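Asks: Protein chains in written order, with my numbering: chain A, 1 to 427; chain B, 428 to 1086; chain C, 1087 to 1486.
Hints in this document: simulated from the structure, not taken from any laboratory. Among the hints, a few may not be true.
Unchecked claim - Pair ranges (Cβ atoms, derived): (1) B:Asp915 / A:Val93: 47 to 57 Å; (2) C:Leu1127 / B:Asn1050: 30 to 40 Å; (3) A:Leu408 / C:Val1310: 27 to 37 Å; (4) C:Lys1341 / B:Leu873: 53 to 63 Å; (5) A:Gly352 / B:Thr627: 48 to 58 Å; (6) A:Asn94 / C:Ile1304: 23 to 33 Å; (7) B:Asn1050 / C:Leu1116: 35 to 45 Å; (8) C:Val1209 / B:Asn1050: 51 to 61 Å.
Since the model is a prediction, treat every value here as computed from it, not as a measurement. Think of the CB as a built atom: it goes at the ideal place given N, C-alpha and C, for glycine as much as any other residue.
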Amino acid sequence: MTTKTLLASAAASALLIASGPAFADCPIKVGVLHSLSGSMAISETTLRDVMLMLVEQQNANGGLLGCDIEAVVVDPASDWPLFAERARELLTVNEVDVIFGAWTSVSRKAVLPVLEELNGLMFYPVQYEGQESSRNVFYTGAAPNQQAIPAVDYFLEELGVESFALLGTDYVYPRTTNAILEAYLLSKGIAAEDIFVNYTPFGHSDWSTIVSDVVALGAGGKQVGVISTINGDANIGFYTELSAQGVSADDIPVVAFSVGEEELSGLDTSRLVGHLAAWNYFMSADTPENEAFIAAWHDFIGDTNRVTNDPMEAHYIGFNMWVNAVEAAGTTDVDAVREAMWGQEFTNLTGGTAIMLPNHHLAKPVLIGEIRADGQFDIISQTEEVEGAAWTPYLDESATLVSDWQELGCGMFDTATETCVQLTSNY
Amino acid sequence: MLRLPRLACLCACLISLTVVLHPVAGRAQSTSDTPLQDVLQSVQAQVASPSRGTVPDVLSALLERDAPGTVEFLRAWQDRGVIERPEDGLFFFANETGGMAELTDIDSGEIVAQVSTRDVNQIRPNAGVRREINAALVQFELMNPDPARRIAALESATRSPDPEQIPALELALASETDARIAARMERLLDLLNARFTTDTATRVDAIDGLRGDISTEARRVLNQLLQTRSDFAQTLPEDANIARIRIPGEDMDLHAAYAVLSDADLFPPRPGRNAIRDVLRANVVNGSVGGVPVHQLNTDDNRVAAYRALQDAGTVPPLVTQADMEAAVAQYVFFDAYLEPDAAVTDAARDALDSTRTRIGAFQALSLSLDALSLASIFFLAAIGLAITFGVMRVINMAHGEFIMMGAYTGYVVQTMIPDYTVSLVVALPLAFGVTFAAGVAMERLVIRHLYTRPLETLLATFGISIALQQLAKNIFGTQARPLTAPDWLAGSLALNDLVSISTLRVGIFFMALMFLVLLLFILNRTRLGLEVRAVTQNPGMAASMGINPDRINMLTFGLGSGIAGVAGVAIGMYAQVTSEMGANYIVQSFMTVVVGGVGSVFGTLAGAGLIGALQKGIEWFNPTNTLAAQTYMVLFIILFIQFRPKGIVALKGRAAGD
Amino acid sequence: MVSTTPTDQPRPARRGLLHTNPSVLWFMGLLGLFTLGVSILSEGMGIGVLSTSMVKILGMTLCLCLIAVCMDVVWGYCGILSLGHFAFFGLGGYAIGMWLMYARTEIVIRDSLSGATIPPTEVEITDAVTAQIFGVVGSSELPLIWSFAGSLPLQLAMVVLVPGLLALVFGWLAFRSRVTGVYLSILTQAMTLALSLYLFQNDTGLRGNNGLSGLQNIPGALHVPQSVLSMWFFWASAFALGAGYLLFAWVVSGKFGSVIKAIRDNEARVRFLGYNVEGYKLFVFALTAVVSGIAGALYYPQAGIINPAEIAPIASIYLAVWVAIGGRGRLYGAVIGAATVSLMSSWLTGGGAPNISFGNYRFLWTDWWLVVLGLGFVAVTLFFPKGIGGLFDYLVRKKP
């Protein structure tokens, strides 16, 4: 890896000497494309703040390539077409060198064609459903094999779950994740009738019947477990109903992929103790890096009650990797930075090192935490670094696909036919 | 799972209970000062990073050696009170306070050191490991003098049943004094006997004892007895306990059946479209395959023809046709067999399960009706304010949802000031009424008063207020959902049995809705204010000439409707979530409730809410995997309903109907 | 009863039209000047002062103006406060989006399979296209409603037919049962709600919450840069707005216009005079739905993505807000309202506007814009019921 990085940066600097100017135009502009209003503002505003903090820190440390970094913040207002519009503005009008942004899959899919058309660069910080690898996006959140699959393994091996309820909000992330998990569970010998799937709308609040249905699965004679891809506010009603019906984590454990510290801060968690979440980061991770990060965050936001969460760490890693890649490349030019990104390493807040792979995903450890009464998580399992896979092997349509921008120069390479299916992404 | 060692040490363990109490005695005392630490070091890795797969080894090692303090250690271990010192791998009890851990020697009980939590490895057994430890501790806990511990032990035994618990339970049952716990023990013993005993007669007896039992535990045991596996054979095996025979082509897909056979290497696999293509690609000779030019291979027919040519030349395995598959499948019998070999047991279990079917169906219907009733009461609560402002006054108030939100935020603010949930609820309800009453009166005075003659414009103006209020709430409280926690007495649920239960909060909401209904009916029909309201809405001019001040009445009525929305907001906030957008989620539904029920009648709103709630649950029941579909079809139904009954369910007649 | 053939071609204006409506001439002139100006300033065709994203915003704004004109005809002239016209707009977008997505994916697939040793069968191509489009939403079968997605003419017909038919059926049911006033508004709102909930479902075959994306890439013009494509769409939008404006100016003038205005003012009286009120209303409702569908079909290729949130009831309420602010009952009012409010929203929430400092408190437009809009809207309803367009009346009346 390191030799490759060296080679890449050597190549990049050779290119630079040939092309002349060694310094980018000052200031270096970083676009922040997170919704500050509308339904997603709940989650995304925090990420805007983290980006402002990281930029401030970097400027305090002497900036980048001798320039100050300027954050250009825009508000796509949770409106998906507006994401495409704002991204185009950032790239063509504000001429930013990189974008940090998007949360929902649909907003990412809206931005993709613009990024690929204008050869922009974006860092996407949220766990997502995979099945994508764009030349112009670095995915710093978890792919399904870095969150969903390890969590299911944990259910199968550690909790002995044999009957699964996959509950999700009706949109692309739960749909695709559940499709992958169903295929995975079938491959693990779980019968199709032992997999119960349910989709609810965004912000759903009437959970009584669904929770009863899940409890009723227990009569089937098998240990029941719930895999929740329920998004956002709907979780509050869901967990309230769980605790009201007295479903304890010992009887029916629930593992959630979209519930972190931020979401739990809207809940009284004393009744949810023991339920699980799978992430690549928990605020309770006991490392010096994390302590410094939390202290800096509290200092920046001026409120010691604010929590940190997984997408924040993803931006932390992504931004620092980008800074290092720009320094290695000596320019903010997208193509040079992309090459310098492959193999970039940076210390995780939870210990260990994150590595940027040629498929534009990170190698990161997977953590599973149990909810504590104080709204934090007890980390009960932490794996070695798992390499993020863009394409899942468990679904037929992607079983033979791989992504490798470094060697193959293709994000959707079919190993069966030895051809690059397409250079742009499917959106 | 290592069952045998555990069984072997069972008696020793029971004796060791007394050993723990009398440290003088001892069978396995070694000469070492640190017997427990020694045992633990022999399974060091498994203790330091426990997993469900390895914990039985640790348990058997510990229980076998039976060093003093084993049970205490197990309890501390599963409570996450044990740490590992990385330098020497020794284990200590730890007491954590503010980043520091106080280490206690596990054998001597002496405090050894104070270290930073970062310098030691905290051991966090997961739920699966804890369940195993608990199951191992059952034997000790069943005799615990504390009844709560005995009940906990029974629960943990129910969760992870296991044959060795039978003798321990029998022993404990003999000395149990508490009648209720004894009953639970007997029941658990029945469940265990049904599942594990070797003697058929005892099992069938135990299973018969479960007839008609609709509890989840009982049905779980019965279903476990009835688990099957799918298999095939040339002739039906004599010794197997057959559950059902599958006939390919009828209740089993022919392709699936053939795939079973080809997976077992009995027949060649059937090449799919991709496999055929791959074979053809591998056999391209001079631009053609089996005589077919490559460029013509873009239809399935040509590909099959090329494949057959290759097959005739003997280069590829034969294509499996439908007839081939049928012939192959016909040679075998496909069946499901019970894992339980004893047919008498499975018959009894099936009988017992069948006997509960009707009752389960009835209770499920009851449960669904309760859910529908609860949903209806929530819709009613959300809409009842509108029943006044829209139903009685005919004012379209699009900001109604925002009044609900204001009420909920009032509840939240009160809760941040008064920590006791019950007291804060008592304070929040009238306060929410006050706040939204004031807001409603202000809105009526400033805006709506000027628009009484232009109802469509009221709709638009109040919509403007609605988006302004929503954004204002976002600016003040942030976009994050805020907690509004129900007090403990509202947090549980009322359960009739394992099938029918309803959360106390929903019951509370139901009674609140009922209370509002009565209150509103009383105000409108039995008070001076109600009389004046009806007079003003029916004929303001005449009412004014009778000495009623229509301005005042309109103001009060609107305030009342808004205030009720605020109180409803507190309830809805507890049940769902408090966000700036919560009102918007209810507004369209609330209007539909009022319109479907019949504008102008409180009973109409009640009927509307009932219809919508029942409808939604009914559709959900047909398609339980997709809640969104239920909502869609519910709205569609309402649209159609209004077309055919534009005045709603309870249509007012005569003068009161207006128009 | 007036025939309800969907009309997307402007009918030739009668001589009297421009006489009775001098504003039409003014409007067409200004629109022409504006189009010319944008073309000259654009990045793709002219001197490059206006960025491509700005051209797209302006093009989309023209489409919004067109649906605002529709809304004005339905509400300002005919008195039906429809809170569901964005449903028709969205359906038009979905109809064209299906073709855009399918055809583009098919090109990509054919390209990538063209190198294969064994040429692909048609079934393989369809399967691969399906996997590309629906793989991301966890499905692998092509839904029935996508049967015509490969054919541009058929999908273009759907742009007109689907909104038109929905409006006809819905309108027939609603007007027949004499649902009027606020009840009708709530009913139309329920219609959009039902449609958006329906589309939100993954199982309905239009990719659920994800919607259709990548619509800015036009099959057959994949190598035309967006700066040029954006101009094509801008012109198309300007032409559609001009044509639509003419069409509706013609519709609302003359006898037909008088009848629908009479229906707005007193429906019962018109009915007693022997007019088929339901027929008139149905015609206006369906015609505006069709034009809204066309506006949507032009809008979404510029936006790049369509998803069910676009159809949510709130969008249609905003539409009413635009028309009210611009001034009901005058077509140019609707255009002014839609253009002003949507461009201001875009400018103020885009971070382009300067924030104001009040001592310690910073007034952020992104935070306060909606509050200002909401209250401003209340003020307009209370104090300027004629909207911005009313100012013109005031000026015109003052001159002579």
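Asks: Now, for every hint given, state plainly whether the structure supports it.
Replies: Here's how the hints hold up against the structure:
1. B:Asp915 / A:Val93: 47 to 57 Å: 56 Å, holds
2. C:Leu1127 / B:Asn1050: 30 to 40 Å: 54 Å, violated
3. A:Leu408 / C:Val1310: 27 to 37 Å: 29 Å, holds
4. C:Lys1341 / B:Leu873: 53 to 63 Å: 42 Å, violated
5. A:Gly352 / B:Thr627: 48 to 58 Å: Between Gly352 (chain A) and Thr627 (chain B), where Cβ atoms are some 56 Å apart, the hint holds.
6. A:Asn94 / C:Ile1304: 23 to 33 Å: 26 Å, holds
7. B:Asn1050 / C:Leu1116: 35 to 45 Å: 53 Å, violated
8. C:Val1209 / B:Asn1050: 51 to 61 Å: 31 Å, violated
The structure fails to meet hints 2, 4, 7, 8 from the earlier list, while all remaining hints are met.
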